[in-house]
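A.B. asks: Chain residues, written in single-letter form:
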Amino acid sequence: MDLSLSPEQQAFRTEVRSFLQDALTPAMRRGATLTSGVFAEPDVYLAWQAALNAKGWLVYFWPQAAGGPGWDAVRRWIFETECTTAGAPILPGMGLKLVGPVLYTYGSDEQQKRFLPALRSGEHIWAQGFSEPGSGSDLASLRTRAVREGDEYIVSGQKIWTTQAQFANWMFALVRTDATVKAQRGISFLLIDMASPGVTVRPILSASGDHELNEVFLEDVRVPVANLVGEEGQGWTIAKFLLENERGGTGYAPQLLADLDHLTRATTLTGELADRAVRLRLEAEALEMTELRTLLEIEQGNPPHARSLAVKLIASEVRQGIEGLAIDAFGMASLQLPAERPFHADDAPALVGPPEAGLAAARYLNARAWSIFGGTSEIQLTIIAKAAVGL
Amino acid sequence: MDLSLSPEQQAFRTEVRSFLQDALTPAMRRGATLTSGVFAEPDVYLAWQAALNAKGWLVYFWPQAAGGPGWDAVRRWIFETECTTAGAPILPGMGLKLVGPVLYTYGSDEQQKRFLPALRSGEHIWAQGFSEPGSGSDLASLRTRAVREGDEYIVSGQKIWTTQAQFANWMFALVRTDATVKAQRGISFLLIDMASPGVTVRPILSASGDHELNEVFLEDVRVPVANLVGEEGQGWTIAKFLLENERGGTGYAPQLLADLDHLTRATTLTGELADRAVRLRLEAEALEMTELRTLLEIEQGNPPHARSLAVKLIASEVRQGIEGLAIDAFGMASLQLPAERPFHADDAPALVGPPEAGLAAARYLNARAWSIFGGTSEIQLTIIAKAAVGL
Amino acid sequence: MNITPSEEQVLLRDTVSRFLADRTDPATAGEEPISQDDWRALGELGLFGFLLPEAAGGLGGGPQDVMIVAEEFGRALAITPLAEGIVGAADAIARGGDAAAIETWVAAAMTGDHVLAVAVADVSNDGARLTGRADFVLSAVDAAALVVIGDGATWLVERAAEGLSIDPVRLIDGSAAGMVRFDGTPALALTQGDRDTTLAMIRLCHVAELVGAMSTLYEQTVEYVRQRQQFGVAIGTFQVVQHKLARMFVALEQARSLMLKAAIVDRDDAGFVRGVLGAKAYVADAAQRLAEEAVHLHGGMGVTDELPVGRGLRRVILLARVFGSASEARVALAA
Amino acid sequence: MNITPSEEQVLLRDTVSRFLADRTDPATAGEEPISQDDWRALGELGLFGFLLPEAAGGLGGGPQDVMIVAEEFGRALAITPLAEGIVGAADAIARGGDAAAIETWVAAAMTGDHVLAVAVADVSNDGARLTGRADFVLSAVDAAALVVIGDGATWLVERAAEGLSIDPVRLIDGSAAGMVRFDGTPALALTQGDRDTTLAMIRLCHVAELVGAMSTLYEQTVEYVRQRQQFGVAIGTFQVVQHKLARMFVALEQARSLMLKAAIVDRDDAGFVRGVLGAKAYVADAAQRLAEEAVHLHGGMGVTDELPVGRGLRRVILLARVFGSASEARVALAA
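Chains as they are written, first to last, in our numbering: chain A, 1 to 391; chain B, 1 to 391; chain C, 1 to 335; chain D, 1 to 335.
The hints are simulated quantities; they were obtained by calculation from the structure and are not laboratory data.
One thing to keep in mind: the hints can contain errors.
What follows is a set of in silico ranges between Cβ atoms, one per label pair, in the way DEER data are often shown [unchecked claim]:
{"no.": "1", "chain 1": "C", "residue 1": "G184", "chain 2": "B", "residue 2": "R202", "range": "36 to 44 Å"}
{"no.": "2", "chain 1": "C", "residue 1": "E32", "chain 2": "B", "residue 2": "G70", "range": "49 to 57 Å"}
{"no.": "3", "chain 1": "A", "residue 1": "A66", "chain 2": "C", "residue 2": "E32", "range": "23 to 31 Å"}
{"no.": "4", "chain 1": "A", "residue 1": "P304", "chain 2": "C", "residue 2": "S6", "range": "20 to 28 Å"}
{"no.": "5", "chain 1": "C", "residue 1": "A332", "chain 2": "B", "residue 2": "T25", "range": "40 to 48 Å"}
Owing to the predicted nature of the structure, the values given are computational and were not obtained by experimental measurement.
Glycine is no exception: its CB is placed at the ideal position from the N, C-alpha and C atoms.
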């Protein structure tokens, strides 16, 4: 975006670029380029996370009091734009964007001391235990139970769609601590050590052949009461905070614009395909500004505008549009889909054509999930109709 | 459509072509070309109607017993394709397609003798009195009342969206003859002489500036009981017959394909516009076959397939697509919209460019009505979901 | 980067908004081009001067000011020569005309006494005489003078000039355009300035008018689906209708975003022309779809001449195409 | 014009349908390419002979027969070399090969003992030797011989021929394609016949497979939305979901119509090639959208490897693009 940046903002951009020049190694870029899922895997991202942490830029979307660098919205946006343009690995959000803000907001001092540094260093890798089989978009119907026994909860149940649980050593989960009150009110927010006896992770292969998702079975798992965040029954409130924070904290557009750039640079589109690329770019540029002006308003002390409810919907559609364009852009080369994973492994099969072609099929299939997870597009539209339109 | 026609069918097509060569005069073609509404106006179509009637081909979609030529589905389709390709005026359906079949099916002998020949000759011009202010897609809520007094009904109420009522000397109408029974059951089907005292026609100008629609006010209009079709209370059944017959009797595709042909021949489309034209042609060709195979199945004694519920929806979308393409096809020339009507009048203002450009704006605006009248597209989808999908 | 209007701009918006609200009957909005009296009154208000360069006696308003004013015009479905007459022609003369031309034409445009037009023309010139044509020129019929943008130069042509003929054609929004013919017509050469910037300013004005029209059509449709009953309930309770309105809301927000993005840079910045082209490509399309949906959701009444929503569609169809359609803009962006 | 299948054709459909139903576990449909045993069993059933020319010992089935068989294959989400191996390669050899080639290759294809492939190749030829390449050739990895369609001629190349290399690449539906390289590879020239007709027959086969897959995905989605509960009710009771299913129904009917239209003419009729191109353009697009919607409506489970619906999408994506995508077909139709 060619917005009028102030001299200070331009200087900041230069600083970010020069940091990226040094800190983002070819190996990290290669790993990012060959990632077909939503997030990079630990062997790709941990070094990048460490570099950011060392620089003090890892948790740039946290408030300064919690350890963030105190950037305003424009700086955050400049930083994200530069990182995505440079092709940096995408760090999983489960720790940094989801449980992190919960911990510095609702966590006890002990919890903050124990978990925040380990989260930033990468020692702790987090998984999100919200969804359950059958709960889908209807989160409040969850059935995992936590029964208190002395200083422990005994947790039993099943979580599903747990992204990167195979790498996680910690999981934050919503559990039902009181079955006698109304659905939302009996829910609590627990931190569960994945090494605890009774925790089993079963992979769910995506249609693409990627292993991103898992089921997590919890059988009489003992969780210290010290791992309860906030109060018993406060889980729903915390979950709402978490989801709103996820949405408002940062933008989808920089990554979409960068990916669209990479795609259109990897091939020459003509006719209807070129037209689709232009439409997608305009939608993404509009989204960028939709995100940015909301952040600027919040910064000026306004409550989040109802338009912020639209960003996930738009981002899903642009994401699916980009990956749909990619499988049309490279002819038959778009259709290759090796079974072996990960693509960045040294012994991965060679791909025909540029990575944008070689990963097109996997990315296309993975992108189908965008309109489903985190509230389907239909749920998003219904929320917008109620909360923004007022119907 | 390049279907394999039998030698007999090919011979029939030749016969139709040679008839059109002779009977369809340049004046008729010109009138048709300069029609911006759904139907031609009487000064354009009456001569064409007379030529068809003289040839015995006017009511080609009526059964032979009612005076039709006894053509099978393929012949009807050949005839329609040839007429639309040749640019014949579009005859209003209110008489020939709507009330005609009602009369030969439900009308008494006297009614048939009185009305059918006059309908065919063009002496009677019919309007359809179904919709009322506020009833919209919810037809059963109609409020026009007919109270019997001796040999007459006293009819009071208001009809709306009455196409070409300004030309009509007769109107068939749904009226409520019994307010004490359930909505659908108190409705009757009446034939009303537009010259009756108490009938007032008020024009509704379309956004295009065309005068196609009207309100018809009925104030204590006296209608002889002899003009009741079928029994009292049978109106809903007859209306359903009428609407199903309208749908099943003939096809939308020939006119759509012909209009698309005229458009693409009037200009050279490139890029995205050419792509849209191809998509529209394919959708219309698919519709043609969707209509045709349903007709062929009915001819073989099968009940109408549920797919017949889809044709109006598809036709609306193709129609709006064609007119939407037209306003993009001719640059600024697509935007001209003289206020004077009709376009075929000798003293009408000259149009810039071909008629497809000159009438593009009016046709585009008029085409917006396709997704509304005769059951909105949403109503169509709901009907399909219930009756075809089974949800 | 600053997307927040200044206090001055907020005042400007309120002034324009109040003026148009006072002079417009919502029921007949968009029915007729603005009256000469209203146009003059806007001039007297100082509105046009606000938008014109300081060198010509104006206040030097930039893209964001144009956007603010034009959005209010669009909201009122006002049919005016704001884009071509003020933002286009008067501005071009103010920047490229000699003192006499500025004195004669810019001053009269500023007061609303004279209407000006911009003709993107296919003309050859022989010294100071033009021969050629420009089709469908907005406001040309009422214009006292035309700024003629040719391939390599820009001229000023007076309405009274010999060899100039203008045939009126009525357009879809009810306004008159002119089929302009030059036949050895005397013309005053203007310093061209940046022709692309002039056209971009006109397009930005149309983009903002489109966004304004979108918000009016959106609001009227929300209102309508709340009160319109079918099958015994308000149609706004149907999930499908709710989702359609949600889509309209999203489209409006996205359109406004690209409008803002185009307008918050300086007119001489490198990215301005392309940013406006992107905004035109996106907003023209979004506005047309929103207006079509608004008409559809109004049912039968929507397709008549009796509601603002139908007139809104007609105005949107025009604005979406003058000085380049969405489709043309996308082709240019893809190149 | 006859769209009603003959008694013989109904029998054919039932036979194929029953065979595939017996051999396919609905839960694992589309997981693996068809087994060699099943392929041979289909050959023994006489299926391939039914579709091949009488001159080569077949029964001379035409486009409508191919359509009927292929639709059933698609319905079962079967991954087979039917299109390229039988309808393409074996047919081309049967029509253009000498007696020996027919004897060797068509007979073995008919029994299902040998798989054949079609490579649309960029090759130069020096007498009877080919040099050049063909990328992503379906079934090439398993093929005993390839029919190579070059710019001006068609050849038969045996798998064992010198200078032929085939590197496997796994495709989105789990099948293997071959990156084929010719380096002075001996080849037998075939009478070309009409290369466009051969390609059209292959495309028609894919069109029918797509329509079959669409009907399976549609039916599974109807079933799913009837039983899947959210917020205490079946999601099929939501109006928005109902309309999506209605759209799927309409798309399926329209796709079937263009498939029928393409198939009810003779393969040598003037309109055949273009009719198939139109059907491919339309059906490939419609099938992809329907499959995407089916996956979406299945929620989280839809995007896993565990349901046929995800595998159906993968197969549809492939069929929609091999031997020409919808977008390429539309460009050809616009020309």
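A.B. asks: For each hint given before, does the structure comply? Return the numbers of the non-compliant ones in rising order.
C.D. replies: 1 and 3
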